[in-house]
Amino acid sequence: MSTDNAIAERAPAHRRLANLLIEYNFIAIFVVVVVIAAALSDNFLTFVNIANLFQQAAVVGVVAIGMTFVILTGNIDLSVGSLTALCGMVVAVLMAAGWDPALAVVATALVGLLCGAAMGATSAYGQVPSFIVTLAGLVSFRGITYLLTDGVPVSGLPPSFAAISSSVIPILPGLGLTSMALIFICLCIAGGLVLRFTVFGEYVYATGGNPEAARLSGLPTRLMITAVFAISGVTAAIAGILLTSRLRIGQPTAAQGLELDAIAAVVLGGTSLFGGRGSLLGTFFAVMLLQVLRNVFNLLGLGSFYQMTVTGFIIVAAVLLNRFIEMRRGRG
Amino acid sequence: MADDVLVVENVSKRFPMNIVALEQASLTVRRGEIHCLLGANGAGKSTLLKMVAGALKPSGGRISLEGRALDLHSPADAARAGISMIYQELDLVPQLTVEQNLFLGHAPGKAGVIDRRVRSERAREALQRIGARFSPRARVEQLSVANQQLTAIARSLTMNAKIIIMDEPSAALNETELEAVFEVIRDLVRQGVSILYVSHRLAELREIGDRVTVLRGGRTIATYDVADTPDTALVEAVIGKARTLVERKACPPVAGEVALSVSQMRGADGLMVENFAVRWGEVTGLTGLNGSGRTTFLRSLFGDLRFEGAVEVGGRPYRPTHPAHAIRRGLGLVPESRKTHGLVLDAPIYKNATLASLGGRFAMRHRRERERVRPVLDRLSTRYADLEQAVIQLSGGNQQKVVLAKWVVNGAKILLLDEPSRGLDVGAKADLYALVEKLAADGAAVIVASSELDELYAACDSIWVFHEGRILDRYDPSVIDREAILKATILGDQHVH
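Chains as they are written, first to last, in this note's numbering: chain A, 1 to 332; chain B, 1 to 497.
Just so you know, these hints were derived from the structure itself, not from any lab. No false leads were mixed into what you were given.
Here are some chain A residues pointing at chain B (derived, C-beta under 10 angstroms):
(1) Val-199
(2) Gly-201
(3) Glu-202
(4) Asn-210
(5) Ala-213
(6) Ala-214
(7) Arg-215
(8) Leu-216
(9) Ser-217
(10) Gly-218
(11) Pro-220
(12) Ser-272
(13) Arg-277
To give an idea of the chain A side of the interface with chain B (calculated C-beta under 8 angstroms), a few residues:
(14) Phe-197
(15) Thr-198
(16) Tyr-205
(17) Ala-206
(18) Glu-212
Since we're looking at a predicted model, the values are computed, not measured. In this text, a Cβ means the ideal position worked out from N, Cα and C, and glycines have one as well.
The shape of chain A in the complex, shown without the other chains (with noise of 0.2 angstroms):
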């Protein structure tokens, strides 16, 4: 067989170029809006507009990274809007009572991966499905978040803290990017390549393509649940920090929905809800295609109402795609 393998190796050129296409067609699909979005807005391509995408997409892009390593071993994670509440509260509690905005944001960080762990944790051992043990996340959470302050707003932050989110970093000449911006587009490289190019990043998609299998492997399936869940958490803290800084108050009732949000992103980047394919490029280009629509309603004078309305056919429409594409491959 050896021969024929040889020959067989790499198929032909423009059919490897046309799988490739329709492998990441969520890109050809973000390049048809934006030229579409730059027809109907002059204002649409500017240095200025671009850099407000990004700084607009960045705390819904952070939680979107975590709920990608979530989605991909076959789970969910309806918690991480109360917990990017929760930890936007905690950082700004923290600065409050005094303590230096560094250790308060590393302290936060570390919140977020322990409630992300001990929900994994609870899902992964305790055999209960990740949809409950968030959502009971999700409603804990966020009371936890009030009972802080009695959901009263923290105001009154270091303004080094707000440095965080907002500093403006040039890219280009003329392109100055926010830190948070950046901060998104690196976790997003940094995960993409986690998932790529590590052991863990095999194992997630082991995981969640055949727990059976992937455990039968001698993988450490409870452990790979538990960690997923701990990144989930700690992108949500990220995602509360960005938001704290931002806004320049610790506001109770911040980030609700936003888990629909990511997850609605993570879907339309191409990740199956059942686990073992997606991919962190996909949620990207997802994140940023929701942006870009948001965008070009805010340009063409059309208010959230519309935006709203559209955004869940262009969801339905983008699965309906894939869907359709995985029956041509024989899959279905």
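Starting from the structure of chain A, add chain B where the hints point.
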């Protein structure tokens, strides 16, 4: 002919992108006949069955039932016409009762309200016709696989089926259960129902088939009278060229050191094993009826089930509590179901093959992993186009080789194979056992569990018979004949030799 129930004439099926699954297939099933369909994996059996059952539309040809041409658009159409299909994975709803399952989709009643009394009565009748001894109120999930099989047959009867198609009913049954199902089939045939029976196993066709049609490469080769046709002719028709049936060849006794020994093991489901041992270079078989403890034993050895007792691997005590421990000590398990337990189906071939041997490393270097896998897959003569290919696209035999490769790549020296040949055709099976022999010749200790005694008899240096969770005895197939071992698997302790 008036006696022909189902006539399939020159039916063909093409899928998009010019894949021809079936070309010019023809067969005729007579009234009250058990007609067998025989063919290797990929010969087009499933495609043909699906078209007869209305799940696929033929691209050409004619299917007629009792002289009337059929134009089926759905399985419901076929059921209405009197064609009933029983799939290998029975399409029953496990949480519902037998009665509910029997009439699912055609419950008696008016305006959507089910007449439970009539349903009960008819369910009882249908179960009586097949001589079932379980209650119509039992929940299907609580029945044995054989009784579920009977439920599926009874369901066909409630739909007034003229012909019942059975797709490899024997795959999940042991020999006594199978005999019970056969009894029912024979009885139905006497009542005028026709059966189209699909199987890989020649012995089964011999036992119940009247005539057999052989499919190969999408074409029907010929229809034979079962009684007048020798095995070799059938095998030749299936494989396409003369190939000998697996026969026991003389092999020297294994002289290696003991690789794994169990002086005593007490485990789940009443497992109780004493004085089991396998040597390096030995292929040993575990046989016994389904549920006799073969699988439990292998899973216990692999750290997947807890056990008490004394086990040694390579002369040192061995007490695994997790598959990872077993893997570290050089064990590898090829599980009973490769699709649900053995493979990540959507993942590429090379990732499946390296999954067990990535532990303790940080970086995933894809190129190096591919290079590591390639020679192993070649050695196992695996057919694939591209290592990046999803493993789901491979045939069953090649999928099994990928599972095996996973352990060879990891350097496992003690291989536990649980029903490795399930669902493989004759050629792929012979291939697999040739591989097993090769691995053993390279020094591995191989334990093969199978319900197919013939395979073990041909391939193993020794055979252990399990009965109700215990090992009865160790047999040496070079000195004891197959019938004696078979008797022991069925009779258990009553059998004295």
